[in-house]
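Protein chains in written order, with full-length UniProt numbering: chain A, 1 to 339; chain B, 1 to 339.
Worth flagging that the hints you see were computed from the coordinates, not collected in a lab. Treat the hints loosely; a few may be bogus.
The list cannot tell twin chains apart, which means a pair is met if one copy fits it or any two copies do.
Here are the simulated lysine-lysine pairs, PhoX-like style, with alpha carbons at most 20 Å apart [to be verified]: (1) K265 <-> K285; (2) K243 <-> K26; (3) K300 <-> K91; (4) K133 <-> K317; (5) K300 <-> K265; (6) K33 <-> K174; (7) K243 <-> K224; (8) K26 <-> K312; (9) K91 <-> K133.
Number of protein chains: 2
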Amino acid sequence: MKQKITLKHIARELSVSISTVSKALKNSEEISKDTKDKIQAFAKLYNYKPNNIAISLKNRRTKNIGVIIPDIVHHFFTTVFRGIENYANAKGYNVILCMSDESFDKEVINMELLANGSIDGFIMALSAETQIKNDYNHLKEVAEQGIPLVLFDRITDEIECDKVVINDMEGAYKAVTKFIEDGRKQIALITTEDYYSVSRERAKGYKQALLDHNLPYRENLVLKLPFMDVDELAINEFLDREKIDAVLCVNEIYAIHSMRHVQSKGLSIPKDISFIGFTDGILSKYSTPGLTAVSQHGEKMGAIAAEMLIEKIESEKEEETYTTTVLDTTIVARGSTNN
Amino acid sequence: MKQKITLKHIARELSVSISTVSKALKNSEEISKDTKDKIQAFAKLYNYKPNNIAISLKNRRTKNIGVIIPDIVHHFFTTVFRGIENYANAKGYNVILCMSDESFDKEVINMELLANGSIDGFIMALSAETQIKNDYNHLKEVAEQGIPLVLFDRITDEIECDKVVINDMEGAYKAVTKFIEDGRKQIALITTEDYYSVSRERAKGYKQALLDHNLPYRENLVLKLPFMDVDELAINEFLDREKIDAVLCVNEIYAIHSMRHVQSKGLSIPKDISFIGFTDGILSKYSTPGLTAVSQHGEKMGAIAAEMLIEKIESEKEEETYTTTVLDTTIVARGSTNN
Chain A
1 MKQKITLKHI ARELSVSIST VSKALKNSEE ISKDTKDKIQ AFAKLYNYKP
51 NNIAISLKNR RTKNIGVIIP DIVHHFFTTV FRGIENYANA KGYNVILCMS
101 DESFDKEVIN MELLANGSID GFIMALSAET QIKNDYNHLK EVAEQGIPLV
151 LFDRITDEIE CDKVVINDME GAYKAVTKFI EDGRKQIALI TTEDYYSVSR
201 ERAKGYKQAL LDHNLPYREN LVLKLPFMDV DELAINEFLD REKIDAVLCV
251 NEIYAIHSMR HVQSKGLSIP KDISFIGFTD GILSKYSTPG LTAVSQHGEK
301 MGAIAAEMLI EKIESEKEEE TYTTTVLDTT IVARGSTNN
Chain B
1 MKQKITLKHI ARELSVSIST VSKALKNSEE ISKDTKDKIQ AFAKLYNYKP
51 NNIAISLKNR RTKNIGVIIP DIVHHFFTTV FRGIENYANA KGYNVILCMS
101 DESFDKEVIN MELLANGSID GFIMALSAET QIKNDYNHLK EVAEQGIPLV
151 LFDRITDEIE CDKVVINDME GAYKAVTKFI EDGRKQIALI TTEDYYSVSR
201 ERAKGYKQAL LDHNLPYREN LVLKLPFMDV DELAINEFLD REKIDAVLCV
251 NEIYAIHSMR HVQSKGLSIP KDISFIGFTD GILSKYSTPG LTAVSQHGEK
301 MGAIAAEMLI EKIESEKEEE TYTTTVLDTT IVARGSTNN
């Protein structure tokens with residue numbers, strides 16, 4: 001990432017005082033036209049943004065944080081948002097939320113909309129389409145302008161910024177290990193295509209747990225759906241076709257739908273088939289039986305993301321360093337598994 | 001946070017008239033290039049956002065809509081939001097969301113934040129605290145500044161603006177009538193305190209349906225909880241204490257919790273006791289048995305709110321007239337009632 005251009009940089013480069021730079025950029029009558037032209041040209045060349053710099057000078061912070069999430073209907077993202085809000089509000093920040101609806105274009109439009117001076121920094125989970133396109137120029141641009149950015153859950157290695165994720169691989173590994181310890185042999189995975197960073201990691205954990213316990217990894221026991229939406233037909237067909245005694249699902253809705261389907265076929269949960277799902281949302285708690293869940297600690301994730309962002313916003317440091325925080329998952333045992 | 005920069009500030013700082021500033025920012029031919037450059041540079045530097053009045057002049061639309069809802073975790077509000085987004089996006093508008101968290105202060109802060117020029121109009125459901133305080137000055141101010149406003153679900157008669165609600169009274173009336181037709185005699189209501197406009201209306205419908213069918217209205221069969229959050233103890237105690245064969249709940253979570261409680265006591269649903277809940281969210285669909293629901297048609301409500309707002313934003317009329325759209329409810333029958 002390019003270093004943030006500050007008044008101090010400009011002053012140093014052009015051998016003038018910070019005050020001169022500041023006045024020149026305000027088009028002050030006190031500064032000669034020649035000096036102003038030089039400073040303004042330099043600022044333009046290095047993509048200096050008055051609002052961001054003003055923000056970094058602490059004299060014109062908006063005290064607003066922009067959050068962009070793929071979807072408002074999935075419980076996980078709203079839980080993270082709640083964690084962000086609680087932390088940010090306690091620190092005197094407001095939070096503005098925009099939805100990408102899993103669309104690249106909407107993600108870009110929303111970033112532009114918020115980056116126009118309404119906010120001091122971003123917290124985001126990438127849209128599905130952004131991960132498919134693998135195009136992160138809109139994020140790079142924001143980062144180059146010196147606007148602090150924290151990615152959570154759906155992240156990318158392409159951008160240098162603070163990140164917070166759960167240990168998705170470990171979460172899946174723990175779930176599959178629990179199935180194996182409970183005596184399950186035909187363990188299936190219902191997941192999404194690999195372009196979601198989280199699905200890739202969970203699939204790795206699923207495979208590794210099988211191999212570490214000397215069970216074969218069989219592709220026919222892995223159902224990959226193109227989207228987060230429940231494709232009921234594809235799931236039913238998969239469950240009817242394969243001989244399965246345990247299912248790990250990468251989200252709650254897949255798991256709840258699957259449980260209802262096998263129950264409708266007369267199977268008993270967990271006797272005949274057991275289930276674990278990621279997220280630990282409201283459906284997991286209220287389904288019958290309750291769904292054993294890999295808790296992603298969404299509220300904690302949100303609080304950590306907000307803490308990282310606010311620290312960057314308020315930091316006086318010129319050299320930035322970035323951290324990726326990895327949260328451990330927890331298995332919350334309920335009636336859908338032997339306990 | 002620093003004071004908002006207005007046309008007046010700029011005019012005073014640069015010793016020009018407000019009209020000159022206004023024209024310069026619109027790039028008018030009437031103003032000399034030097035003056036325009038100076039004003040525009042100043043405005044940019046101080047992150048000037050055209051004020052609300054400027055927006056109402058229709059010459060500087062942002063194509064953004066601000067939505068403020070009480071809570072992101074309740075399925076109903078997120079469903080309405082989805083309806084708003086779908087309609088607004090199709091019309092070329094972006095949507096920004098803020099949460100009041102049921103707090104009056106947060107509602108005011110978020111309105112100020114968005115009314116600073118980021119958006120062309122508001123869609124809101126009032127926070128619980130605003131309805132308790134009965135203080136709507138922040139809404140009046142926005143309305144007076146000519147910013148279009150649409151209220152949905154949680155509304156007030158104190159503000160003249162477009163509104164969209166469901167026929168809450170009729171929804172409760174229909175639900176109770178269904179219970180009576182199914183032969184139920186001891187029909188309870190679990191609701192919130194009357195400061196929620198929706199709860200008041202639903203309690204009216206509950207009472208009217210009983211009276212119209214010559215059943216007594218008994219206060220001991222009505223449980224009023226102070227908040228939307230589930231007070232599990234109060235609900236359990238109520239259900240254990242009263243002789244009840246049917247329960248209407250004003251939200252899904254009350255109903256789901258109540259069903260689980262009576263099931264844990266060995267009662268059979270709907271044989272011993274039946275349930276209807278408002279909202280028809282994801283929990284109603286996936287509970288066991290499924291919850292018969294009064295559908296509030298959240299997505300449709302959102303689409304109508306967005307349509308009303310965009311019409312006002314794009315209207316050239318000086319005299320405004322306001323409409324309240326009332327949507328009929330539908331009973332979605334599931335396993336929690338005799339069908």
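Evaluation of the provided hints:
1. When the C-alpha separation of K265 and K285 is checked against a cutoff of 20 Å, the pair qualifies only between copies, where the shortest distance is 18 Å, while the shortest distance within a copy is 23 Å.
2. In this assembly of identical chains, K243 and K26 lie within 20 Å of each other by CA distance neither inside one copy nor across copies; the values are 70 Å within and 69 Å between.
3. For a Cα distance limit of 20 Å, the shortest separation of K300 from K91 inside one copy, 16 Å, qualifies, whereas the shortest one across copies, 37 Å, does not.
4. Taking the closest pair of Cα atoms, K133 and K317 never come within 20 Å of each other, the shortest separation being 34 Å inside a single copy and 44 Å across copies.
5. For the homomeric pair K300 and K265, neither the shortest alpha-carbon distance inside one copy (38 Å) nor that between copies (35 Å) is at most 20 Å.
6. In this assembly of identical chains, the alpha carbons of K33 and K174 never lie at most 20 Å apart, being 67 Å within a copy and 68 Å across copies at closest.
7. In this assembly of identical chains, K243 and K224 lie within 20 Å of each other by CA distance solely inside one copy; the values are 17 Å within and 50 Å between copies.
8. In this assembly of identical chains, the alpha carbons of K26 and K312 never lie at most 20 Å apart, being 23 Å within a copy and 36 Å across copies at closest.
9. Within a single copy, K91 and K133 get their C-alpha atoms no closer than 36 Å, and across copies no closer than 26 Å, so neither meets the 20 Å cut-off.
The structure shown violates the earlier hints numbered 2, 4, 5, 6, 8, 9.
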